[in-house]
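Chains as they are written, first to last, in full-length UniProt numbering: chain A, 1 to 327; chain B, 1 to 246.
What the hints contain is simulated information worked out from the structure, not anything from laboratory work. There may be inaccurate statements among the hints.
Unchecked claim - In silico negatives: residues of chain A with every beta carbon more than 12 Å from chain B: (1) Ile-13; (2) Gly-16; (3) Pro-24; (4) Leu-100; (5) Pro-146; (6) Phe-182; (7) Gly-261.
Stated by the list, open to error - Partial pick of chain A residues on the chain B-facing surface, computed with a CB cut under 10 Å: (8) Ala-188; (9) Lys-191; (10) Ser-235; (11) Gly-301.
For each residue, glycine too, the CB sits at the ideal point set by N, CA and C.
Here is what each chain is made of, one letter per residue.
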Amino acid sequence: MQKKDIGLAVLIIVVGIIVYMRNPLFLSPINLGNTANLIGLFGLFAIGQGFVIMTGGIDLSVGSVIALLGVLFVDMVGKFGVPWPLAVALMIVLGVVIGLAHGVLITRFKLQPFVVTLCGLLIYRGIARGYTAESTAGFPFGSSYPQLEWLTIGRSFGVPHSFVAMLIVAAIMWVVLHHTVFGRHLCAVGKNEEAARFSGINTRFVTIAAYVICAVLASIAAIYFAMFTKSVQPSSHGNFYELYAIAAAVLGGCSLRGGEGSVIGIVLGAVLLQELQNLVNLLGIPSSLNFAVMGAVILLGVLADQQFAAYRNRKNTERALGLLQKS
Amino acid sequence: MNVLELKNISKSYGAIQALRDVSLAIEPGEVVGLMGDNGAGKSTLVKVIAGNFAPSSGDILISDQKTVFHKPLDAQKAGIEVVYQDLAICNNMTAASNVFLGREPTRKIGPIKIVDYAFMRKRSAELFARLKSETRPRDLVHRMSGGQRQAVAIARTLLSDAKIVLMDEPTAAISVRQVAEVLNLIRQLSDHGIAVVLISHRMPDVFEVAHKVVVLRRGELVADKKASDSSPEEITGLITGAIETA
Numbered sequence: 001m002q003k004k005d006i007g008l009a010v011l012i013i014v015v016g017i018i019v020y021m022r023n024p025l026f027l028s029p030i031n032l033g034n035t036a037n038l039i040g041l042f043g044l045f046a047i048g049q050g051f052v053i054m055t056g057g058i059d060l061s062v063g064s065v066i067a068l069l070g071v072l073f074v075d076m077v078g079k080f081g082v083p084w085p086l087a088v089a090l091m092i093v094l095g096v097v098i099g100l101a102h103g104v105l106i107t108r109f110k111l112q113p114f115v116v117t118l119c120g121l122l123i124y125r126g127i128a129r130g131y132t133a134e135s136t137a138g139f140p141f142g143s144s145y146p147q148l149e150w151l152t153i154g155r156s157f158g159v160p161h162s163f164v165a166m167l168i169v170a171a172i173m174w175v176v177l178h179h180t181v182f183g184r185h186l187c188a189v190g191k192n193e194e195a196a197r198f199s200g201i202n203t204r205f206v207t208i209a210a211y212v213i214c215a216v217l218a219s220i221a222a223i224y225f226a227m228f229t230k231s232v233q234p235s236s237h238g239n240f241y242e243l244y245a246i247a248a249a250v251l252g253g254c255s256l257r258g259g260e261g262s263v264i265g266i267v268l269g270a271v272l273l274q275e276l277q278n279l280v281n282l283l284g285i286p287s288s289l290n291f292a293v294m295g296a297v298i299l300l301g302v303l304a305d306q307q308f309a310a311y312r313n314r315k316n317t318e319r320a321l322g323l324l325q326k327s
Numbered sequence: 001m002n003v004l005e006l007k008n009i010s011k012s013y014g015a016i017q018a019l020r021d022v023s024l025a026i027e028p029g030e031v032v033g034l035m036g037d038n039g040a041g042k043s044t045l046v047k048v049i050a051g052n053f054a055p056s057s058g059d060i061l062i063s064d065q066k067t068v069f070h071k072p073l074d075a076q077k078a079g080i081e082v083v084y085q086d087l088a089i090c091n092n093m094t095a096a097s098n099v100f101l102g103r104e105p106t107r108k109i110g111p112i113k114i115v116d117y118a119f120m121r122k123r124s125a126e127l128f129a130r131l132k133s134e135t136r137p138r139d140l141v142h143r144m145s146g147g148q149r150q151a152v153a154i155a156r157t158l159l160s161d162a163k164i165v166l167m168d169e170p171t172a173a174i175s176v177r178q179v180a181e182v183l184n185l186i187r188q189l190s191d192h193g194i195a196v197v198l199i200s201h202r203m204p205d206v207f208e209v210a211h212k213v214v215v216l217r218r219g220e221l222v223a224d225k226k227a228s229d230s231s232p233e234e235i236t237g238l239i240t241g242a243i244e245t246a
């Protein structure tokens with residue numbers, strides 16, 4: 001674990017204790033289970049967003065991808081009776097296609113990630129609304145898909161499976177980021193693309209792969225969200241989710257300038273965001289203030305982190321100077 | 001034996017002749033100072049040697065064998081490494097990770113290949129020891145001095161068993177003390193039998209380490225002589241054109 005991750009974990013615990021003291025329901029099994037479910041759902045695509053941010057890019061289309069694929073998934077399984085494993089596979093393929101499109105536009109056509117994915121945000125949302133003619137997509141009354149439901153909204157020993165899925169994805173991505181050649185190259189490309197290229201790294205491949213990872217995780221999250229809400233309202237489903245993902249990644253220590261980040265940090269960032277949501281509910285703060293609380297805490301957190309890093313740097317410099325004077 | 005020989009290399013971009021009949025021979029372990037004003041063709045020459053683009057005419061011989069480079073990787077395989085001024089290093093990574101960037105060693109755990117950090121640290125520590133540099137493999141590059149960064153870049157070339165190292169202005173943006181460090185690194189390379197082509201504007205640096213000085217002016221080679229037979233004044237004259245040839 002990096003120092004930043006530990007700081008974030010401490011913050012989560014401190015906020016948790018405060019909330020618990022004000023409202024003991026915070027640690028009730030039901031509340032923990034529900035919060036874990038949300039952490040799982042949001043964590044899934046925040047990890048993907050983190051990978052994109054580490055290349056120095058950004059993916060603004062995540063929320064719209066979740067809406068579009070959610071609509072398609074619900075319709076396929078509910079309306080057209082496509083077997084759900086096939087539908088899941090199709091969603092993942094669509095995720096790959098969307099990620100590839102973003103990656104190719106950014107690397108081959110040299111468009112800015114912000115612009116490409118902003119257009120993605122508009123296009124996917126628009127298609128979702130157009131395809132459904134603004135009506136809500138839902139499963140037929142009384143239908144049930146036991147295995148699919150077990151995988152997505154089921155629980156074992158009170159632990160929601162969405163949370164388990166997120167942990168599995170996080171474990172895999174942790175190995176990928178910190179212990180594979182691809183992960184090394186991702187950090188290199190994010191920090192200094194030119195250096196990476198001169199070192200013989202296929203920088204285009206690395207960048208495209210990051211966008212594909214992001215879109216695929218978003219498509220998996222889309223399935224989980226669709227199963228969680230059971231119906232998808234195309235104009236509001238997944239709204240602003242890309243910003244949750246970016247916030248989680250930034251809280252988790254990803255630098256928007258690229259090259260820095262950790263999977264543990266992103267997961268902790270997602271945990272903190274949901275904890276704050278929960279705090280608003282439990283402490284009786286009007287839920288309309290929800291965003292304001294979140295924004296304020298993120299701002300304070302990032303500010304504190306920055307100040308703390310500057311303080312550490314100063315200390316280190318002083319120590320080094322002290323050593324020099326002694327010798 | 002020459003480790004690198006250029007025979008009548010010319011390179012033109014459309015109507016502009018960037019290099020004209022440049023011939024040059026470099027021996028193993030030789031340090032060559034490549035000098036010239038801006039636009040004299042230094043970069044073009046380096047790029048031709050590094051395989052970035054092919055010469056319009058002329059031959060490149062590596063260890064007395066005619067070679068054609070289609071891409072930079074070909075030159076790298078032939079033992080030519082380029083140390084770019086500040087480009088080739090990622091600040092967010094450790095010295096060891098940078099030394100091995102693009103050629104990370106892996107070991108297998110079951111079906112997955114994971115990066116072998118222990119080996120990277122051990123091997124790069126050996127390389128830094130060989131270069132007599134105090135760089136520590138675990139340190140992040142952004143905390144390092146300019147000299148240490150150069151050591152990292154140069155350790156990369158040792159890793160690939162380079163025969164020739166091209167250095168583009170390695171002393172341009174660093175402090176006086178660090179310059180001495182970099183010049184020492186160059187001597188270390190030379191002691192290991194690696195030829196160094198040093199492109200620099202800084203006359204004192206070149207005269208301190210170079211065995212021979214080569215001057216380009218408007219794409220033509222106007223001087224190729226031992227550093228001990230020349231002087232900074234003469235080289236300045238050759239660069240500006242006050243002295244025709246030497």
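Status of each hint after checking the structure:
Every beta carbon of chain B lies more than 12 Å from that of A/Ile-13, the smallest distance being close to 28 Å; the non-interface claim holds. No beta-carbon of chain B is positioned within 12 Å of the beta-carbon of A/Gly-16; the least distance is around 31 Å. At the 12 Å boundary, the C-beta of A/Pro-24 stays outside the reach of chain B, the nearest C-beta of that chain being 43 Å off. The non-interface label for A/Leu-100 is consistent with chain B: the shortest C-beta to C-beta separation is roughly 24 Å, beyond 12 Å.
No beta-carbon of chain B comes within 12 Å of the beta-carbon of A/Pro-146; the shortest separation is about 32 Å. Separation of A/Phe-182 from chain B is inadequate, the least Cβ-Cβ distance of about 10 Å not exceeding the 12 Å criterion. Distance to chain B contradicts A/Gly-261 as a non-interface residue, since its nearest Cβ pair spans about 10 Å, not more than 12 Å. For A/Ala-188, the shortest C-beta to C-beta distance to chain B is roughly 5 Å, which falls under 10 Å, so the interface hint holds.
With a cut of 10 Å, the hint placing A/Lys-191 at the interface with chain B holds, because the nearest CB-to-CB distance is about 4 Å. Residue-level restraint check for A/Ser-235 is violated (minimum Cβ-Cβ distance to chain B is 40 Å; threshold 10 Å). This hint is violated: A/Gly-301 has a C-beta 21 Å from the nearest C-beta of chain B, more than the 10 Å allowed.
Hint compliance for this structure: hints 6, 7, 10 and 11 are not met, and every other hint is.
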